[in-house]
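Novice: Based on the provided sequences and hints, a complete structural model is requested.
These protein sequences, in sequence, are chains P and C. According to my numbering, the first sequence is numbered sequentially starting from 1. According to my numbering, the second sequence is numbered sequentially starting from 1.
Be careful, since some hints might not be right.
The list cannot tell twin chains apart, which means a pair is met if one copy fits it or any two copies do.
Pairs of lysine-lysine, BS3-like flavour, derived with a Cα cap of 30 Å [what the hints assert, rightly or not]:
1) K119 x K218
2) K218 x K40
3) K30 x K218
4) K232 x K30
Source of the hints: derived by calculation from the structure; they are not laboratory data.
Protein chains: 2
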Amino acid sequence: MTQQHSAQSAAEVIAAMLIIGNEILSGRTKDANLPFLAEKLNDAGIRLREVRVVPDVEAEIIAAVNALRDRYTYVFTTGGIGPTHDDITAECVAKAFGVPLEQHPEAVRRLESHYESGKLNAARLRMANVPAGGTLIDNPVSKAPGFRVGNVFVMAGVPMIMQAMVDAIMPTLKGGAKMLARTVSCALPEGTLAEGLGAVQDRYPTIEIGSYPYLRHKQYGVSLVLRGTDEKLLEEATEAVAALVRDLGGEPSIIAGTA
Amino acid sequence: MTQQHSAQSAAEVIAAMLIIGNEILSGRTKDANLPFLAEKLNDAGIRLREVRVVPDVEAEIIAAVNALRDRYTYVFTTGGIGPTHDDITAECVAKAFGVPLEQHPEAVRRLESHYESGKLNAARLRMANVPAGGTLIDNPVSKAPGFRVGNVFVMAGVPMIMQAMVDAIMPTLKGGAKMLARTVSCALPEGTLAEGLGAVQDRYPTIEIGSYPYLRHKQYGVSLVLRGTDEKLLEEATEAVAALVRDLGGEPSIIAGTA
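Specialist: Next up, the structure:
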């Protein structure tokens, strides 16, 4: 990976998420996994930098896995690891890595202990297939494990299972400097704040300042979100934004957080 | 575009969505625009085939716009067209197309008529900047327009405005065969259905069959979603799935829809 292709600066640990499933692209299922993963990664000092949603189509999944695993420290996939014909994530990840898909003995053991005698049919046994060299991710909800291969973590799409898998994964990741955040909210319009806000951004280039207008109880307002890893600089920039709001006749309210 | 790079078959009109914004990747803002757009496109016979979420970073936005506009009939972007320093979508799209960013006279006129005298400052005037050759997308909510350039539609991220823009765009799009859907729900586990379901899928290769397990009122079940453009084939395949459910001792309930 050459320097200009890298999206990573020295201090950052960066990640991508790959959401696999026609049901997301059809609008039928509303993804709830992205915000959950984003917040967990934030807490660990890992920045989610890109998300892709692709259909249950082999070529699309393989291309996306390879594009993302090459660019990011970690890649997290959700969806497509169940027992039905449309669950093709494991075989696609194996092909992306150019390794065979193999029945994982420990995964088989877990499925055997979960299902009543005679219920572990061929379809369910597919859930024990893991790309060669992969290690299992625990699934305390319904046993069928996810897996890690290289820097790619393959998880279920069902939120309750996905969340349990993320919790199992997090302690194994190498995080970077933790991202801290402050939100300055006020009832001023964005366009009034824009010039001064740009000046604060120029003064604090390592603090990322976002401006998000909202409509709440028929009242327009804006949340000015500052994010950075240096708490002192973050506090300074936050105070500069709050002072700007006051100068323009607004009343800033400040909240600390990680998102 | 060579055949193997095309994601489009003859009968399909396909689209991608590009969600632009750090606030989505940090988990702070939960995107609501994807399902809205997906359903509107479904209704028009256009298939949403890929979604990407990228940060407010010029190189990332340009690369994603160019990757997607080359592959898909239509590309829809959301976010980054406000008046603040982090709103860089218009200039990135201009760079992606290799055209200058220009002040659009009609966009200026709309902003002038919206703001009180003296309130249309330099920051707000940025919202009138459109890549050369672009045409405006109406914004009945807050006036600042979106725009279309080539096959790329650039919209606001605030859902109320985004939705109004989608409604303005839809009549201008060339749709394909409308996607029809049937959902067969039952209380059987996925693993019991998988083998028979795969056989139905093999028998009806042009009907896309997805299996989505759920947990509702402490009862596990599965929604088997069939989608296709040929209503007769869709009905046949749906009946085959319902028969499978009955054969396995389940009680299928069938719902018609577009997602």
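Novice: Need the list of violated hint numbers for this structure, in ascending order.
Specialist: none
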